[in-house]
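Trainee: Heads up: the protein sequence lines correspond to chains A and B, in order. Taking our numbering, I'd label the letters of the first sequence as residues 49 to 283. Taking our numbering, I'd label the letters of the second sequence as residues 16 to 132.
Hints in this document: simulated from the structure, not taken from any laboratory. Check before you lean on any hint, since a few could be wrong.
[As the list claims (entries may be wrong)] With a straight-line cut-off of 25 Å between C-alpha atoms, the simulated DSS-like cross-links for lysine-lysine are: (1) B:K86 - B:K52; (2) A:K134 - B:K128; (3) B:K86 - B:K32; (4) A:K134 - B:K32; (5) A:K134 - B:K24; (6) B:K95 - B:K32.
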Amino acid sequence: MADSPQHSGQIMGHQTRGCMNPALTRWRQELAAQAGLTAEIRRELEAHLHDCMAGFQRLGLSAEESFQLACQRIGQPQQLRAEFNKVMNQSSHWNPPLTVAAWAVFMVSFFLPSYTTMSGWQCAILQHTFWPAASQGDFLSIHYELLLLANLVMLASPLLLTQFSRNVRQLQWLHHLTLATAVFVWAFALELLIRGNAAGLRIGYFAWSFSFTLLYVSVRSQLSHWQSQIACKHA
Amino acid sequence: MYSGGMLGKDMVAASAKPLLLSILAEGESYGYEIIQKVRELSGGQIEWSDGMLYPVLHRMERDGLIASEWKEADTGRQRKYYFISAGGHQILQQERRQWLTVHNTLAKLWAIKPVAA
Chain A
49 MADSPQHSGQ
59 IMGHQTRGCM
69 NPALTRWRQE
79 LAAQAGLTAE
89 IRRELEAHLH
99 DCMAGFQRLG
109 LSAEESFQLA
119 CQRIGQPQQL
129 RAEFNKVMNQ
139 SSHWNPPLTV
149 AAWAVFMVSF
159 FLPSYTTMSG
169 WQCAILQHTF
179 WPAASQGDFL
189 SIHYELLLLA
199 NLVMLASPLL
209 LTQFSRNVRQ
219 LQWLHHLTLA
229 TAVFVWAFAL
239 ELLIRGNAAG
249 LRIGYFAWSF
259 SFTLLYVSVR
269 SQLSHWQSQI
279 ACKHA
Chain B
16 MYSGGMLGKD
26 MVAASAKPLL
36 LSILAEGESY
46 GYEIIQKVRE
56 LSGGQIEWSD
66 GMLYPVLHRM
76 ERDGLIASEW
86 KEADTGRQRK
96 YYFISAGGHQ
106 ILQQERRQWL
116 TVHNTLAKLW
126 AIKPVAA
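Looking at chain B on its own, in the form it has when it is part of the complex (with noise of 0.2 Å):
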């Protein structure tokens, strides 16, 4: 998964489920796009190498927190669609929770603004 860019090799694994999961929160997507979207998303500063996402997206559907689909794009070629479900959104709370819990934390000990869980 980690490529580089500013964000150190395990905190970019550890983000990339709840990354994944908010992703697939807003709407199915697929791989291309996906690490398109952390790049934007991120400023660059979060770069996943694109053959590496795909064993964590398959990990994550045989565990049940999203599905596939094959469609055709409208290019006309197949592609594979991605979309979250019911007991990956329970999970995104979780981890949502757990994620505000550490910012929260920090941004007591650095003085800046926390966040509502």
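So here's chain A without its partners, still in its complex pose (with noise of 0.2 Å):
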């Protein structure tokens, strides 16, 4: 959005639209360049300069003058991508080798025993058997099918503990996803032995469901750890 010329002219204003274009896309450029500041970090940048351009034009300043003035105020890029890559360095860090143990378990329970003689990719492709039964309301038959929502989980993982575990408040957030999916697949074994159905699970049921498991104490353990630190700082 920082990069539109529609944005650009919004925050420039009429006044100074004309003669400031080049500068702002220059200042932008040297921006981009610097590798750590994200899109959403170089418009919150822009937006100041423009609140900071503002001000000055209020005390009387001309739009060329303000534009120097609020560039300076803000510091030269390079400072700024040191600073911001301070920041960006601490943020990954959630726990590899059990997150990866999670993935390797979920692959491996696809090719084990999983119900009576099937294995779980078997187990996997049958959703549409179980549709007909689910859409007349059978309880279990929907749980089934709403499996696949785990398995999406699982599989979208790898993305979600890159991007969403950069600050606590994402970091809790996944933490309930997990919980909440890890649950969701103990449940259906917990259904199927209260139907009288259990016997017919295998390791391969269990190992993808420990997967899931495993998925959530990585998360809990890294938030464990965040919370635990911030506490220390604090103390």
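Bring the two chains, given one by one in their own frames, into a single complex with the hints.
Mentor: Here you go:
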């Protein structure tokens, strides 16, 4: 958005648009050249630049003078990059060993016997056979259909963990998601047990369910680690 | 964060978090407004360099002390507004106690009026 002409016009204002756009474009390019300054950070800095310019212009400075002063106040792009990189480098510290173990167990479980003589992948492609019963409101069948969502969470977890574990709030959200998923997959085994169908369960099912527990534990341990760090910092 | 003014570099760095949390405890705000407010409240004695404020805000957001949201300002432009989280309120109380302890200790030494914690 920050690089779009529409955004540029919107934030520059009519008075300064004509003469300052080339300088603004150069400033944007300098920022964009700094690795680690994401589009959102650049957008935020640009919003600040325009607030700053508007402030100087209210004091009677010209558009050009305001732009120069606002750039000085924000600082050198290299310096900004260095400061932001300190934050970003501390950000990606989720628990790789446990997470990789979760993914490994998840993948292996598809090749192990999971229910009677069927392996995990054979069970996974049975969704369509449960659909008629699920559409008639059979709870076990609905539960089975929804296990697809659990698989999607696991498949998306590499992306979720790398992209959405950059702050405590996001990590808490991932914590809730992985906990709900782990409870959901184990609840299916419990439901089979209650209905007397649990005898057909094989190691593959338990390995598959366990992979979700591992994923949850990896997120949980990271969250605890982070929270204790914050508590120590402020103790 | 440090840009000059009357306060030393270390003091500016140490006071950044309680100042930011205290400002945001009064209501949501954005970078430029925060800097203006600190300048105004300190009578120009605390000068933050504008660009260095954002890494601090991002770090505090990462630590769950504050959160942010893009909103349209009255000028029609988009701005990122920050607000304090529940965890931030807790940390602010801790910071307040610690700073008042320092203040009151110095107040006794300098024979000036202490402040109730």
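Trainee: Taking the hints in turn, state whether each one holds.
Mentor: Status of the hints after comparison with the structure:
{"no.": "1", "hint": "B:K86 - B:K52", "verdict": "holds, 20 Å"}
{"no.": "2", "hint": "A:K134 - B:K128", "verdict": "violated, 40 Å"}
{"no.": "3", "hint": "B:K86 - B:K32", "verdict": "holds, 23 Å"}
{"no.": "4", "hint": "A:K134 - B:K32", "verdict": "holds, 17 Å"}
{"no.": "5", "hint": "A:K134 - B:K24", "verdict": "holds, 19 Å"}
{"no.": "6", "hint": "B:K95 - B:K32", "verdict": "holds, 18 Å"}
The structure shown violates just one earlier hint, number 2.
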